[in-house]
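Novice: For the protein sequence lines, the chains are Y and H, in the order given.
Heads up: the first sequence begins at 1 in the working numbering, then just goes up one per residue.
Heads up: the second sequence begins at 1 in the working numbering, then just goes up one per residue.
Honestly, the hints are just simulated from the structure, not real lab data.
Among the hints, a few may not be true.
[Unchecked claim] In silico EDC-like cross-links for lysine to aspartate or glutamate, where the CA-CA straight-line distance does not exceed 20 Å: (1) H/Lys184 <-> Y/Glu9; (2) Y/Lys170 <-> H/Asp196; (3) H/Lys105 <-> Y/Asp196; (4) Y/Lys185 <-> H/Asp196; (5) H/Lys187 <-> Y/Asp39; (6) H/Lys184 <-> Y/Asp36; (7) H/Lys5 <-> Y/Glu9; (8) Y/Lys50 <-> H/Asp8; (9) H/Lys76 <-> H/Asp8.
Number of protein chains: 2
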Amino acid sequence: MRYHKIPDETIRRLPIYLRGLLFLSEAGQQSVSSRDLADFLGANPPQIRKDFSYFGDFGTRGVGYKVDTLARQIRKILKLDVVHKAALVGVGNLGSVVLAYQGFKVYGFDIAAAFDIDSKKIGRKISNITIENVSNLRTLKKRKIDIGIITVPRDAAQETAEALVNAGAKGILNFSPCYITVPKKVKVITIDIAMDLARLPYYMPSS
Amino acid sequence: MRYHKIPDETIRRLPIYLRGLLFLSEAGQQSVSSRDLADFLGANPPQIRKDFSYFGDFGTRGVGYKVDTLARQIRKILKLDVVHKAALVGVGNLGSVVLAYQGFKVYGFDIAAAFDIDSKKIGRKISNITIENVSNLRTLKKRKIDIGIITVPRDAAQETAEALVNAGAKGILNFSPCYITVPKKVKVITIDIAMDLARLPYYMPSS
Chain Y
1 MRYHKIPDET IRRLPIYLRG LLFLSEAGQQ SVSSRDLADF LGANPPQIRK
51 DFSYFGDFGT RGVGYKVDTL ARQIRKILKL DVVHKAALVG VGNLGSVVLA
101 YQGFKVYGFD IAAAFDIDSK KIGRKISNIT IENVSNLRTL KKRKIDIGII
151 TVPRDAAQET AEALVNAGAK GILNFSPCYI TVPKKVKVIT IDIAMDLARL
201 PYYMPSS
Chain H
1 MRYHKIPDET IRRLPIYLRG LLFLSEAGQQ SVSSRDLADF LGANPPQIRK
51 DFSYFGDFGT RGVGYKVDTL ARQIRKILKL DVVHKAALVG VGNLGSVVLA
101 YQGFKVYGFD IAAAFDIDSK KIGRKISNIT IENVSNLRTL KKRKIDIGII
151 TVPRDAAQET AEALVNAGAK GILNFSPCYI TVPKKVKVIT IDIAMDLARL
201 PYYMPSS
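Looking at chain Y on its own, in the form it has when it is part of the complex (with noise of 0.2 Å):
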């Protein structure tokens, strides 16, 4: 099966419906419809309707969806179906939190390897990962690691995206606060906390 032209839109809600259809599946729930699953995530029942009619509908009327089976399906489209190993260059602080971040499991992802320029963290261990030289990075290719996570200060961000991408990373997660240029072919997807914060206001009930 293939999907065509699915929005960015409807690509990244996909990961809110499936760690929703995760927590219900564990649970114990078989089946649920778009209204209760869309109460439960606190969206709306036709957008997400909308969303799964994209890649062919899968659910009956009057039963809903099978939690398992779009659960799945999901996955299969994220291309999270198969592990995908990443390496994280930057353990200050951020980078230690993030390495100890339990939720990347649930989507399939195994932060690998770990990577600094301090020689008096090389070596060091950090969530059962040891801290390895930058010059390391070479060896991304062979050990199968193709997504980079960077948390290095925001100075050395586009340095870090440049030897990651040489280095055969296809997929770069960048937590600087800034902007990075890569081949076009690398997809970047960068975090900034202070932009989620930034749309809370435009809800909140004027005093």
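Please arrange chain H on chain Y, whose structure you already have, making use of the hints.
Specialist: Structure of chain H alone, referenced to chain Y:
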């Protein structure tokens, strides 16, 4: 001027545009076309034009948008034209990173207080903020703090949310990977960094 029915997805993108515009402004640029702004942000021009059309068109054909005017308008729409004070609850590793994060100021946020239950932490200073006992949460209203940031362990997230709401919080930024329930008038935005990573493989070229 009143703004009706702006889609959530547009509201989600406005902080991205705003950050880009502030960056361009700092670089001394006075006007920008939707195409150049799109190129710079890795977005697409029709979407930018459509997003701006919801609240009136600020662009002039052939000239583009005035950077500072547009930035000011977006701030106003997002209600970021006034300073918002926030309180963070849970000063562990993640909480400390969030407290130290400099990116909030861009949008006019001031993390004005931090709380924990650990008596060893209470009274200590992190990023110039003295950690207080959570029992002090009741002072939020008096201190004009109406945003809560939750960085406690998952199991404590729901009760922390309730304590924040009781103390007068109207908006919550939740970093705990769980679903929290609050009264409808309170807006919750949950940040899960794994979700951003989860949409990366979809865009990566197959090997």
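Novice: Which of the listed hints are broken here?
Specialist: 1
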